[in-house]
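2 protein chains.
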Amino acid sequence: MGPRPGAGAADDSETDYAELLIGDLHASLASPVSESMNFLNEIALRYPDAVSLAAGRPYEGFFDLDDLPRYLSLYRRHLTERLGDEEDVRRTVLQYGRTKGVIHELVAEHLRLDEGIIADPQDLVVTVGCQEALYLTLRALRRDERDVLLAVAPSYVGVHGAAGLVDMAVVPVRDAADGIDLDDLVARIREVKAEGRNPRACYVIPDFANPSGTRMSLETRRRLLRIAAEEDLLLLEDNPYGLFGDPDGPPTLKALDTATRVVYLGSFAKTGLPGARVGYVLADQRTRDAHGGAGTLADQLAKVKSMLTVNTSPIAQAVIGGKLLAHGCSLREANVREVATYRHNLTRMLDGLERRFGDVPGVSWNAPEGGFFLLLTVPFQAGDEQLEHCADRYQVLWTPVHHFYADTRPRNVMRLSFSHLRPEEIEAGLDRLARFVRDQQQN
Amino acid sequence: MGPRPGAGAADDSETDYAELLIGDLHASLASPVSESMNFLNEIALRYPDAVSLAAGRPYEGFFDLDDLPRYLSLYRRHLTERLGDEEDVRRTVLQYGRTKGVIHELVAEHLRLDEGIIADPQDLVVTVGCQEALYLTLRALRRDERDVLLAVAPSYVGVHGAAGLVDMAVVPVRDAADGIDLDDLVARIREVKAEGRNPRACYVIPDFANPSGTRMSLETRRRLLRIAAEEDLLLLEDNPYGLFGDPDGPPTLKALDTATRVVYLGSFAKTGLPGARVGYVLADQRTRDAHGGAGTLADQLAKVKSMLTVNTSPIAQAVIGGKLLAHGCSLREANVREVATYRHNLTRMLDGLERRFGDVPGVSWNAPEGGFFLLLTVPFQAGDEQLEHCADRYQVLWTPVHHFYADTRPRNVMRLSFSHLRPEEIEAGLDRLARFVRDQQQN
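In order, the protein sequences belong to chains Z and G.
Here the first sequence stands for residues 7 to 449, numbered as in the numbering used here.
Here the second sequence stands for residues 7 to 449, numbered as in the numbering used here.
Just so you know, the hints here were simulated from the structure itself, not pulled from any lab data.
Please read all numbers here as calculations on a predicted model, not as lab measurements.
Do not rely on the hints blindly, as some may be mistaken.
Unchecked claim - Simulated coverage check for chain Z against chain G, where a stretch passes if three residues somewhere in it have a Cβ under 8 Å from a Cβ of chain G:
#1 36-47
#2 132-145
#3 266-275
#4 397-403
Claimed, not checked - From chain G, some residues computed to sit far from chain Z (all C-beta separations above 10 Å):
#5 A33
#6 V134
#7 E138
#8 D181
#9 Q291
#10 D295
#11 S312
#12 L356
#13 E431
Positions of the beta carbon are idealized from the N, C-alpha and C atoms, including for glycine.
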């Protein structure tokens with residue numbers, strides 16, 4: 007706040023309007039992360055007719071508004087069977103409710119069926135999307151400026167965002183072909199400890215990472231868990247895309263975790279409905295207070311939640327609960343069409359890239375086995391400036407990879423997404439991208 | 007994390023389980039505020055058959071699960087008329103959406119009709135309940151340890167909770183018969199500034215405050231706005247109960263605010279449906295960045311939100327949007343039965359207190375003109391220990407007022423709520439309370 011703004015404007019001259027300088031607000035608001043999100047949203051709005059190889063959204067072709075009353079009524083019937091009393095059913099869905107959520111038992115059953123994770127429903131906190139789950143976890147773990155988070159670089163923008171809100175430093179760990187360079191992880195942990203700081207946790211997306219699309223091998227998962235135990239570290243496993251791949255792939259870290267080293271972050275945005283904004287966190291780590299009182303980390307996350315959003319809308323939970331009930335709690339079952347669509351899209355992307363760039367020097371890409379994304383390497387800088395030019399002249403959008411490093415230095419890699427597109431849109435997008443790449447190379 | 011827990015237990019002895027000490031987690035988790043919320047929830051669960059004069063919940067008698075599909079379909083029709091395209095309608099409700107929300111224009115119309123507040127819909131951020139609105143605002147305003155929040159003591163527990171999450175000190179301002187001691191406010195501002203700290207804002211509930219039930223006079227509102235302008239302070243106006251009183255009462259601070267001094271925090275938990283978890287913040291303060299770029303505080307709050315919960319469930323927003331549409335956007339109109347119920351309950355409480363305590367020395371209470379709460383003063387300490395005794399022996403719950411001071415020192419005041427009770431429950435609750443008070447006095 008400060009000097010009267012618009013002092014030159016006659017209308018304002020009598021009034022001492024409040025004015026806030028961004029520099030006087032919390033640092034997260036001027037960070038590259040927050041600028042990233044703004045820039046990417048804004049460019050999508052500015053070029054609505056461009057093909058977007060940028061948006062990481064689920065395919066809308068199967069969305070149906072009539073599902074909402076159907077899911078609500080399925081969940082209502084389920085509650086009536088369980089609670090007996092109609093007044094209790096009404097109260098559960100419409101009144102203030104349990105901080106940890108009301109669909110925890112259905113979520114636990116889904117985890118058992120689809121992921122082989124045996125979860126005590128009391129260790130689950132149902133959240134406002136996975137992003138809130140991430141915030142709750144980082145807020146609880148960050149006591150002071152010595153506490154740091156490790157994360158593979160590049161990583162999902164939201165992890166940098168949530169860490170920024172709690173002023174938690176993110177220490178980058180080197181990426182590798184199967185998701186993480188474990189030697190670098192150990193080196194970073196040692197380095198952080200030598201500086202007198204505490205590596206509280208390492209954030210990973212083992213299955214079809216955002217942005218790289220890579221999947222960790224079983225051996226890497228086992229070694230990662232061993233390192234976590236040896237170094238007394240938690241692993242934050244984020245798994246929004248795991249269902250969209252080979253069901254015989256390696257188990258999640260949490261399914262392999264025999265020592266409560268893994269905090270598991272779940273999302274229904276891709277497997278349920280993004281508009282419900284329902285996610286969850288499974289945090290079965292034991293806690294101890296000064297008086298010897300015991301509990302689990304989930305109880306502590308619920309305390310943070312009670313001060314942040316109070317509880318997740320039970321109406322939104324009922325929608326997801328109904329979708330789970332409609333498919334016997336198996337989201338793999340609920341997503342048969344979606345899985346097929348995403349796999350077709352992935353094949354089409356890989357074939358399309360091969361056809362257009364197979365013999366272009368300096369252009370390469372990775373070949374994920376599932377998920378929503380892949381990385382395309384080009385022989386020139388692909389930053390925000392190039393994206394703007396490409397959007398304006400070629401009508402195709404992609405995501406400059408520097409946004410996933412939480413900095414502003416352009417690199418020669420783009421994230422391409424293919425989840426939400428129809429086949430003809432993928433072809434059109436790749437055609438335009440090929441023209442852009444060719445023209446850039448000739449400059 | 008640390009030493010192996012359960013080292014004595016044979017089953018655990020081979021495994022290095024993660025264990026977390028509460029003292030190693032964020033300070034908010036060991037604060038009196040967080041213990042408050044836990045204790046109050048826990049005691050309500052332990053005595054489910056007690057009459058609760060503690061819960062600040064809306065009356066459930068008018069709740070109807072069939073309203074959900076009706077509201078959803080009203081909002082859907084409204085969107086179809088506005089957008090034309092069915093695909094856009096589906097996308098708006100079911101896909102990821104606008105960070106600031108999708109029912110902002112309906113909310114602005116409600117503010118115009120019911121509160122005489124003229125709001126640019128672009129200055130609104132639709133939030134996960136009012137609690138998230140409070141968090142977003144405090145997160146943005148708290149840059150470093152010098153930034154403090156002023157708040158009337160006693161104040162709503164949630165303001166202490168949100169401030170704790172961002173490590174923001176709350177400086178108490180003395181209460182008064184009409185809501186705030188303005189001389190003390192000025193004295194506290196001066197004191198804080200003299201210490202080199204920045205009083206960023208003052209939190210107030212001008213209409214039927216929680217816990218006191220008091221309503222500020224028009225003169226107090228005008229003086230408060232003048233002080234805010236003179237001292238370059240923002241006012242955070244929280245208004246969950248304003249509709250439940252005389253419609254000819256004084257205007258909200260925001261309606262009187264000609265200089266964007268007021269950030270207005272709104273809730274639909276009491277006027278809409280608690281289960282939707284939808285609230286909002288109106289933040290029309292202008293901001294300026296280092297490059298001269300201009301915007302409003304709402305844009306900054308949306309940035310925080312994008313890192314916290316991404317967006318408020320558009321399904322939950324559609325439910326509230328439908329309720330607004332069902333009543334021409336007037337929540338006063340939508341709540342005719344509720345307003346009558348709460349006023350009857352208030353009258354019954356005041357009559358009931360008079361009948362039982364009118365001639366009891368040392369017992370007194372205030373007489374709010376609306377809202378959900380009042381304060382009862384008793385001639386003995388009424389802290390957590392007394393509450394437990396009262397719940398156990400007399401089967402009636404109330405809230406010890408120390409919880410609203412964010413400390414643990416018992417005082418001789420209880421908050422009594424009456425919003426969610428049927429008439430016979432009020433009578434039974436007051437009978438039990440009278441027996442408890444009489445027995446306490448005889449000890």
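The hints, checked one at a time:
no., hint, verdict
1, 36-47, "holds (count 6)"
2, 132-145, "holds (count 6)"
3, 266-275, "holds (count 3)"
4, 397-403, "violated (count 0)"
5, A33, "violated, 7 Å"
6, V134, "violated, 4 Å"
7, E138, "violated, 5 Å"
8, D181, "holds, 23 Å"
9, Q291, "violated, 5 Å"
10, D295, "violated, 4 Å"
11, S312, "violated, 5 Å"
12, L356, "holds, 26 Å"
13, E431, "holds, 14 Å"
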